[in-house]
Amino acid sequence: MTTIDCEGKSIREINTALRALIEAGETEIRVLNPAARHNLAVGLIQPVHLIFEGSVGYYCGGMGDEPVIDVHGSAGWGLAEGLMSGTVIVERNAGNGAAAAIRGGTIVVRGDVSARAGISMKGGTVVVGGSVGYATGFMMQKGTLIILGDAGMALGDSLYEGRIYLAGHAAELGNDAVLAEMDATDQQYLSETLSPLGYEAARYDFKKIVAGRKLWNFDKKDFETWRVAL
Amino acid sequence: MCGIVGYLDKTGKNSARLGPTLLLMLTALGRRGPDSAGVAIYAPRADDAQVLRVKLGNGGDFAARAAEVARRVGAMAAIQDQSQDEEYLKLVIGFEGDPKRLQAQIEGIGPDVEVISFGTALDLVKQVGSPRALDHRFHLEHATGTHAIAHTRLSTESRIDLSHSQPFWAHGSLDLATVHNGHITNYHKLRRLYEQRGVRFYTENDSEIIGIYLAEMLASGLSLEQAMRSSIKFFDGSFSYLAATANELGFAKDPFSLKPLIVAESDQFVAIATEEVALHAVAGEVVPTWEPPAGSVQCWPVPAGQASARVQPRSSALA
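Chains as they are written, first to last, in our numbering: chain F, 376 to 605; chain U, 683 to 1001.
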């Protein structure tokens, strides 16, 4: 394992140093004093384990392919936006737009996340240990959102596909987001996904939310739903 | 892409820490907008005096203007202290009448004369330029007080000058000040309604209307928190804003959470900023941070018994 200290370095210097270490074959890197600065560890496309000893700012781990990133702190807006594969785990809270438009990988936030987590996600898995804010899963197209706490307004609004598991209470389901039956496969999936993260699925009473598919095709009988959704 | 910060000392014992804290936070956000910077600092006074800041104009003979302001104020109030720095005049006065009358007297001197702030605890300075330049001129580092709000601006729609800088004091309402990040999109419609009722707008900056609305609500008997809650429905657009009075500090976020705002709170303090990088500058990793939900409002009171805790070092131009 090697270490990079962010103190006194520009973001470009930090990211360049990270890339150089990874190119040289380093597989585990501790990053000190990230100080909630933006754009750290974006676009990493090699398997590497990064440990941020502190909070990160916007877009940490964005567009990554295969990195494993631990954040021992909180994260700002757009956490791991556009992630292709890999794992990002945040010990505290995350801001708006966490896991936006991800295509794969796993993003875990142990605290709360604010608005629009998993917006337009096209694959992958998002696990939130706390609660989520407004319009979580808005227009998600694929993948899985697991929320152990409560959800704000417009949960899963206009989702095309994918699934949301919610343990707590939703202030409101979004347009065309509907409750679906939980079956044994769902329970098994949750158990297998959450167990390695230290959560016991059996302790939660999950509800499953999926697309009602009413917005897939325009039907003038559903005009009101369209009007609200658009 | 402005940056806003707020800080309130919950213990009432760290008055001297306010200035350095504020400067650290504001500097950390400086790159969000270098156009202008300003702070509104609250320091309860032991006496009943009030602090008045006047912009003497956009140019011309500031000394003559200052003399005229002093003459007009002197006719209505007892001037205890007077200092001038270029276009800025600061007066400490004993005044018991209607603040709006005094304000009208001063602003009657010319269209470019403006009362920048007026309060029992509030002192407000702002200017074109970066937070560092603001500190260089007003020595923020030595400012003391219970709480403060501050702003660093990236202008998007209105001009860059002293009057258009933030914080905005809500004209006519003692001690009430606001800072805003975002756009109030129904500003023009609301402005027309207010102007029909005779309200004067000092700028073309949409953020100005926040203070006008809050002042109206406070005058109607609402608490600051009630007024801010009601503002969420009154305004359209994207906004995270902070408002402060002599006794309270609060934030409001628009119903879609379109603008960032992060909070760090401990037993000792509450710090609020557009980006965590500013909170990190004062709280490190010790105090957890969180982004409040869409459409939320929260206010914190200034600890009781702070009226006599004032410390005013001579080296600071503030407070």
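A portion of the hints provided could be inaccurate.
Listed next, the stretches of chain F that the computed footprint assigns to chain U, with coverage defined by at least 3 CB atoms under 8 angstroms from CB atoms of chain U [what the hints assert, rightly or not]: (1) 449-458; (2) 551-565.
Under 8 angstroms between C-beta atoms, here's a sample of chain U residues computed to sit facing chain F [stated by the list, open to error]: (3) S855; (4) Y884; (5) E886; (6) E947; (7) S948; (8) E958; (9) V959; (10) E967; (11) V968; (12) P970; (13) T971; (14) P975; (15) A976; (16) W982; (17) A986.
Some chain F residues near chain U, calculated using beta-carbon distances under 8 angstroms [said to hold, decoys possible]: (18) A392; (19) A395; (20) N468; (21) N471; (22) D487; (23) K596; (24) T600; (25) A604.
Bear in mind the hints are in silico, worked out from the structure with no lab data behind them.
All C-beta atoms in this analysis are idealised placements derived from N, C-alpha and C, irrespective of residue type, glycine included.
Looking at the structure, which of the earlier hints fail to hold? Checked against the structure, the hints that fail are numbers 2, 3, 4, 5, 6, 7, 11, 16, 17, 18, 19, 23, 24, 25, while the rest are satisfied.
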